[in-house]
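What follows is the residue order along each chain.
2 protein chains.
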Amino acid sequence: MNKKIGLSTGLRSLVQILRGRPQVPASLADNALLQVIFNRRSVRSFTRQDIPEDVFAAILEAGRLAPSTVNLQTWSFAVFNGDTWRQTFNRSIPFHANRAIIVIADTYRDRQVLDVFPYSPLVEHTVAVMNASLAAMNMNIAAEALGVASVMLSETGRTGLLDVRYLSEKLCLPKGAVPLMTMVFGYPRWAYPPMPPKLPTDQVFFYGQYVPPQRETMETWLAQMVAGYKAGHLRSSFEDQLKVYQNKIGQAEADLREMIFNRDHNEN
Amino acid sequence: MNKKIGLSTGLRSLVQILRGRPQVPASLADNALLQVIFNRRSVRSFTRQDIPEDVFAAILEAGRLAPSTVNLQTWSFAVFNGDTWRQTFNRSIPFHANRAIIVIADTYRDRQVLDVFPYSPLVEHTVAVMNASLAAMNMNIAAEALGVASVMLSETGRTGLLDVRYLSEKLCLPKGAVPLMTMVFGYPRWAYPPMPPKLPTDQVFFYGQYVPPQRETMETWLAQMVAGYKAGHLRSSFEDQLKVYQNKIGQAEADLREMIFNRDHNEN
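Those protein sequence lines, which keep their order, are chains A and B. When we follow our numbering, the leftmost residue of the first sequence carries the number 85, and every step to the right adds one. When we follow our numbering, the leftmost residue of the second sequence carries the number 85, and every step to the right adds one.
Calculated from the structure, these hints are not laboratory results. Among these hints, one or two may not hold up.
For chains that are exact copies, the list does not tell them apart, and a pair is met inside one copy or across any two.
Restricting the straight-line Cα-Cα distance to at most 20 Å, the calculated cross-link-like pairs of lysine to aspartate or glutamate (EDC-like) are [claimed, not checked]:
hint, residue 1, residue 2
1, Lys332, Asp286
2, Lys332, Glu342
3, Lys314, Glu228
4, Lys259, Asp199
5, Lys314, Asp134
6, Lys314, Asp339
7, Lys327, Asp199
8, Lys332, Asp199
9, Lys254, Asp138
10, Lys332, Asp114
11, Lys327, Glu228
12, Lys254, Asp134
13, Lys314, Glu137
14, Lys314, Asp138
15, Lys259, Asp324
Can you make the complete structure from the sequences, with help from the hints?
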């Protein structure tokens, strides 16, 4: 990673970020649901307003009804309000949000009645993560449809990506139930932030055979990531933040391997 | 798995399936966006009508703009129409759909400029699968918002879950790019099918500590899965279908492990 991104590159990058817009065909610009999908942002500042029970119930329902591989529904959701979060984690919900859901890739439940994955733990884990993430996105969009903002955090609990051991202990999860992310919900305090720097279409879509990444495009994107982070965190940097993750990632890897591969398959 | 589900259990299960409804609070029943989210179904029968370019472009854009861990956008999308699918796979898009997208968990691209995951392949894989799945769900909902139906297939290519080696060869994927699912899109030929049997809320949500699965609830659900499958596939059974997957799952596991763990981290 190139640490030296000068002031002019930084400013140019910020201008590029602020110019970022969803590329919505003009013919579809009036579609209300598309607007919700395209205007969605990760929001980290919330008002004190409570989310009404019926609204939160509808968000949860979007998780329950998400699609999944063979309809196996390999997910569980740990649901919190401010009080129950505090009882469990001894502090406020991140960003003082109103509600939280820890999304869990759960292969334990189905295994009580069905052995779809006779000793193939990596396939099973992959499928479960995929399905639980579909459910998470469905809840995110349902929230947006109801005016509720959210952010998905992969560093719940403490700093570090996928702090699976800590969360498993706190939630008393059985083996085969892997906490993936925490979604926190609330009403947004401010106007939505600018779109984070997205890779251009010719980097993420290909037609036929894989198109190798273009170094210049990727470096332009990285400069935007660095500049965008700096604009939002004057006392830190994107690189510093990555180091925080990297310092803990060895432990996360060990914990996750233990959880996925050292499960006795007959144990249930 | 209990193979013997009698006729009366089967019929009762079918009635239960047909009674399945999204549990939408009455106060929110008129929300048009929620209706789209809750009425979404996996659709496997399409008309011959082409999806217009602007509509398909908007669906793709929903993938590009999905949220991701640290905005790393660890995804690539292989995009097909009927002709290009046939050129690649020598047959029609599954279910004679109009368009297809193979969703790829891609950790190769970012690594060209950024080493977020110094040798922690399982964490990296998990994060990439999570993000690519968020993008998939965002595309699915965007399609629904535009009247386009779809289904996510984890058995693309040939039968078998996660046929990663075959698809990687066909798409010339580098190591670190794992094909996860194929989404196929088209206009629905019939009214949407009934909701597949979803687990009740008290099985998938918990408040505080994990609630172990209730065997009776899980067996009722399994009976519905068996009966529902039988009603849709007179010549096959849910159990037969699982056996098809299970016969190939050992190979899928071996291929996926090779792909995730035997990548030389300095290779890029």
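Results for each hint:
no. : hint               : result
1   : Lys332 with Asp286 : neither (34 Å within a copy, 34 Å between copies)
2   : Lys332 with Glu342 : within (16 Å within a copy, 25 Å between copies)
3   : Lys314 with Glu228 : neither (27 Å within a copy, 37 Å between copies)
4   : Lys259 with Asp199 : within (15 Å within a copy, 30 Å between copies)
5   : Lys314 with Asp134 : neither (32 Å within a copy, 45 Å between copies)
6   : Lys314 with Asp339 : neither (32 Å within a copy, 41 Å between copies)
7   : Lys327 with Asp199 : between (40 Å within a copy, 10 Å between copies)
8   : Lys332 with Asp199 : between (34 Å within a copy, 14 Å between copies)
9   : Lys254 with Asp138 : neither (28 Å within a copy, 47 Å between copies)
10  : Lys332 with Asp114 : neither (45 Å within a copy, 46 Å between copies)
11  : Lys327 with Glu228 : neither (32 Å within a copy, 40 Å between copies)
12  : Lys254 with Asp134 : neither (25 Å within a copy, 51 Å between copies)
13  : Lys314 with Glu137 : neither (38 Å within a copy, 38 Å between copies)
14  : Lys314 with Asp138 : neither (39 Å within a copy, 36 Å between copies)
15  : Lys259 with Asp324 : neither (33 Å within a copy, 28 Å between copies)
Taken one by one, the earlier hints fail for this structure at numbers 1, 3, 5, 6, 9, 10, 11, 12, 13, 14, 15, listed in ascending order.
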